[in-house]
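Chemist: Each chain, written out:
There are 4 protein chains.
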Amino acid sequence: MIIVLKLNPTPEDVRTVEDHVRDLGYAPHTLNGEVRTVIACIGDETHHADLHALLNLPMVSEVIPIQKKFKLISREVHPDPMPVSVGDLRISGDSFHVIAGPCAVESMEQTLSTARFVKQSGATLLRGGAYKPRTSPYDFQGLGRDGLKILADVKAETGLPVVTELVSERDAEAVAEVADVIQIGARNALNYALLTEAAQTGRPVLLKRGLSSTLQEWLLAAEYIAKQGNPNIILCERGIRTYETATRNTLDLSAVAAVKRETGLPVFVDPSHAAGRLDLVLPLARAAVAVGADGLLVEVHPDPEHALSDQAQQMTFDVFREFVDGIKPYVQLTGRDHAF
Amino acid sequence: MIIVLKLNPTPEDVRTVEDHVRDLGYAPHTLNGEVRTVIACIGDETHHADLHALLNLPMVSEVIPIQKKFKLISREVHPDPMPVSVGDLRISGDSFHVIAGPCAVESMEQTLSTARFVKQSGATLLRGGAYKPRTSPYDFQGLGRDGLKILADVKAETGLPVVTELVSERDAEAVAEVADVIQIGARNALNYALLTEAAQTGRPVLLKRGLSSTLQEWLLAAEYIAKQGNPNIILCERGIRTYETATRNTLDLSAVAAVKRETGLPVFVDPSHAAGRLDLVLPLARAAVAVGADGLLVEVHPDPEHALSDQAQQMTFDVFREFVDGIKPYVQLTGRDHAF
Amino acid sequence: MIIVLKLNPTPEDVRTVEDHVRDLGYAPHTLNGEVRTVIACIGDETHHADLHALLNLPMVSEVIPIQKKFKLISREVHPDPMPVSVGDLRISGDSFHVIAGPCAVESMEQTLSTARFVKQSGATLLRGGAYKPRTSPYDFQGLGRDGLKILADVKAETGLPVVTELVSERDAEAVAEVADVIQIGARNALNYALLTEAAQTGRPVLLKRGLSSTLQEWLLAAEYIAKQGNPNIILCERGIRTYETATRNTLDLSAVAAVKRETGLPVFVDPSHAAGRLDLVLPLARAAVAVGADGLLVEVHPDPEHALSDQAQQMTFDVFREFVDGIKPYVQLTGRDHAF
Amino acid sequence: MIIVLKLNPTPEDVRTVEDHVRDLGYAPHTLNGEVRTVIACIGDETHHADLHALLNLPMVSEVIPIQKKFKLISREVHPDPMPVSVGDLRISGDSFHVIAGPCAVESMEQTLSTARFVKQSGATLLRGGAYKPRTSPYDFQGLGRDGLKILADVKAETGLPVVTELVSERDAEAVAEVADVIQIGARNALNYALLTEAAQTGRPVLLKRGLSSTLQEWLLAAEYIAKQGNPNIILCERGIRTYETATRNTLDLSAVAAVKRETGLPVFVDPSHAAGRLDLVLPLARAAVAVGADGLLVEVHPDPEHALSDQAQQMTFDVFREFVDGIKPYVQLTGRDHAF
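So the sequence lines, in the order shown, correspond to chains Y, B, C and V. Going letter by letter, the first sequence gives residues 1 to 340 in my numbering. Going letter by letter, the second sequence gives residues 1001 to 1340 in my numbering. Going letter by letter, the third sequence gives residues 2001 to 2340 in my numbering. Going letter by letter, the fourth sequence gives residues 3001 to 3340 in my numbering.
So that you can see chain Y by itself, here it is in the shape it has in the complex:
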């Protein structure tokens, strides 16, 4: 950590800070700049205390942490890609995957027909929520166990591995029985109890970025999962909260490029939830491919207008076909394998 002192500290001031620094387990190293005096504090920041308390000393102006707190998933520590295996699929930089399916599982018929269609169109994983976290308690919350049963049946029928969301620690076991990948949604992205529970099932985890998570928080949330001995993590950018209201969230594609520099984990993009409007899903998906994403998560429904949730952003079968056709040349350009 670096401590910046206020202008013109006395030797006494400097000594006071140095003593505090030593007391907290660091070796202080004082540098007298032309304008500022700075005390560099040598020590392992993951083990020694946080020095921010020193901000309360009158002569301290700033405390700047240096060390990054994630390491199990860090590219600095693990420079190689960290692929995730889902059954026979290998999710890594060599291939491009589309996860598609309805926002919510509503019925066998709806889910099965969607699964068949998306599979035949080139999707390699099926998504569908049995548990839906909804902003209003009066909105449809998912079919729960019945939804899981439908997903299991559809998986048996189509062979598509299933991605489904976990919203309660109490459902972890039941969800893990059916899910090939457990999804953690944006609202639970900093719910560390749930992250830990999901990790402990041993299933790969698709971790959405929180509504307003920084890259640092997102990576540390992934580190919570890895710390349970489960490094099978797919990160998923889904837009962040900003002042702009033309889209439901602001898709942060810089984050995809930036986060790939920090970690070897695969990074997906969910353009449906980011935009919240169908007309932007295809252009944003193309952009996601071009920025370097490893896959996409999109919503497809046989009859979106009568869907029980997210009616404005689910694609019909026809639109999904056009969507896959629309991203295909961009995926080809990246030289990645794909199933469409």
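What the hints contain is simulated information worked out from the structure, not anything from laboratory work. Every residue, glycine too, gets a C-beta built ideally from N, C-alpha and C. Treat the hints with care, as some may be off.
To be verified - Straight-line alpha carbon distances no greater than 30 Å define the calculated BS3-like cross-link-like pairs of lysine-lysine that follow: (1) Y:155 - Y:119; (2) V:3006 - Y:71; (3) Y:6 - V:3006; (4) C:2006 - B:1006; (5) C:2069 - C:2006; (6) C:2328 - C:2119; (7) Y:6 - V:3071; (8) C:2119 - C:2149; (9) V:3328 - C:2227; (10) V:3006 - Y:69; (11) B:1069 - C:2006; (12) C:2328 - C:2155; (13) V:3006 - V:3069.
Claimed, not checked - Per the computed footprint, the stretches of chain B lying under chain Y, defined by three or more beta-carbons under 8 Å from a beta-carbon of chain Y, are: (14) 1157-1169; (15) 1215-1229.
Based on these hints, arrange chains B, C and V on the given structure of chain Y.
Modeler: Relative to the frame of chain Y, chains B, C and V by itself:
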């Protein structure tokens, strides 16, 4: 809901939208403005479907929802204050409460000495975390059950009711045994499974606003609790995430005034977490009193510099005494009862 | 405009609001919903008064404007593309343009060598600031008139049309003499006096989105220019201000797709300023092409490390060559003409 | 500046960075931490180059600037208050001032009646816009020169000093002739040409915080003014842009407390523009007093409903009287002089 059509719709366009609207359970009512055609849709929005799907029709420009989705806690439905009873305390607009204590329970000695001091200085509830949600998995996560035990002992000793955070559904019973008020933190503010679990314990719930929750989301989170038959909710503003980095969060005092217009529930303010720096806690607390808050939640520690978390924002005993003296005349001005 | 009343209004309440509405030039049309009473107000919102004042009536809950305020540049009014001609160049959906050059004009040598290199690499316009708006008054503010002279000479030498920023109304004439396109920067994006002055020169204007402008504000700023009889406007997305600090701004590529639905004006992207770091410029540029941008604005400098501004984001000649090679296949995929 | 290297740099890596650092005018000082290697760079950051370019070296992880760039207005350099004199008024920490008046000057009658009323109610300065920066080019833009004439007449009649906004460099002289304080609005807060022009008139400047300005940017904007030899600056917080839509902007009262630690300049608060709704103006004004503001800027109009701008947030005379009565006891508590 109101549907705004694009410029110059044909009669056919209008009929198409009207048919869809009826199909979804609403009665359409078309108005031809000087510039825009608008279709007002009559129906109960908590029961009929969301009309946003109609955005995908080529002639639709905007869909605007009208009805608010919270009602159990709404001032429109319940114009009177909704006071919360905690043991003998009545938290309402007539009194002003200070909840004080350490960020985390670290030891019996630390917690008991703090409790005694804050009680004698006029705090009416004790705060202290046995479970701490931390951004990094390598940071101190709280003493857990041992921390709860300490809180129970300190409560027995001092008589101060206890406010403590719940971070996992699995701990709800254990926490509810000790807690007089269960706190839901900002990171879990949209964790509906946890909100439901907390509500079902029957304990009053102190619900912090999420890191980037809108007022609407915050009130709907409270509605989740109320829907379980538990209307004993204290809302707590703790700053929102913005681009400004001079403070850890941006304390949104407008929200306190605005939310009190929407609901009769008591609203507290946590100036410690909002600012993340000690020098702003007193001025922000005074402002919170002046804007109409019903109470404050602050952090006090016998030795903040050696605290295991939040070192930069916990007050020493001396500073807390000054703090209480500093807010006292402002509280008196509001004519509310207080214990300091 | 739509006025939503509070729950259970009396007939008297409704009459009061209707009277106010008429008084302000609208025809009220009252609809009694199942839950809410809504008064639709028929009238041209660009001519009649804003009804927001009615929010101060006790029975009014919300006032919702319907009509968009931009029309000269609106796709609803002008469904066709609105191409911009710059000398022989036609900037429209049929071609893709790269505007490249140094952040600031520093010398004849630096500007000329850059211009020659970027032209030969396929850039069709030269950028370079003679006037630099800098956050600190102690940073390099540009060469001013001397910089304009250099730009004029380099244009004469290379034939590349020049894009340069206007920061003061007093320089409009001098800048317009040299500039083929006048740039309005993000900090001045809502400086309506400057927009008007730039428009009146008759030169095409490249209008960056403001630091935190909504799409609506951005388009209305363009409308200010168009209202002066100058419809030659290139919009340029350059990232918005958010809480995320991993990048200098958050590039909002959804905005590119969304704004193209609202207007036929060309939309460019500036990935250099958005990211503020060189390693993200190429992936973001590819994404910008894929999302549908009509061109890119990037910074190139013969020796970025010794540049007088924006050292971290200017490309060397070699990097620019790789950059052009990197975007080329993506541009080809869109079927647009290009010069590289 | 501090340069943080990536993990495990070679001695060669370190030498490379050190050479670059020296080349840019700094003395490097390398520290080998337990985990990270850090190179502290000694030198005056206002004169030497920005080291951010080094981010492009493969072994560099982060570049952290240390030195603050404002000094003329900095409390570190000038620990004492920097009061502003406006005629006989002295704006400083000893007194509390209310600036009141209509959003826009609409007529002699409207302005004079308002001025008389607010003076008699205790306001010490009159506000009123002759030039109005409006988001839409179709909205009322102010009376211009006629508005200035009215302000001059009203000042002659009432003796109230006048605060009015400057929106164009070309009007600086005319505005300065009438204005006792020149206001720079939020949209022009980073319009450095206008700041410079305003400063050069020699008039005190009321500088609003930009729509999304950081404290650092706001203070540097003030430094632009001070650098022209004009230290008579009143800072004015008016809310920042966030995701929250319940209020027009989010009033950042932490900023008031925080900025007063950085500078001795007076800091005012504009609760009307922040909230954009009348019902929050009084509670926010009380909070502003309590947090330590030196004054308030509010809008008063004889007939807000028929005002030509900002109808939803201007107070009637009666409401203004209640407003002054409402803040009075809070101002008294601070021990400041006041005229109401």
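Chemist: Does each hint hold? Answer for all of them.
Modeler: Hint check:
no., hint, verdict
1, Y:155 - Y:119, "11 Å, holds"
2, V:3006 - Y:71, "13 Å, holds"
3, Y:6 - V:3006, "28 Å, holds"
4, C:2006 - B:1006, "28 Å, holds"
5, C:2069 - C:2006, "27 Å, holds"
6, C:2328 - C:2119, "15 Å, holds"
7, Y:6 - V:3071, "13 Å, holds"
8, C:2119 - C:2149, "20 Å, holds"
9, V:3328 - C:2227, "47 Å, violated"
10, V:3006 - Y:69, "14 Å, holds"
11, B:1069 - C:2006, "14 Å, holds"
12, C:2328 - C:2155, "25 Å, holds"
13, V:3006 - V:3069, "28 Å, holds"
14, 1157-1169, "holds (count 3)"
15, 1215-1229, "holds (count 6)"
Going through the hint list in order, the structure does not satisfy hint 9, though it satisfies all others.
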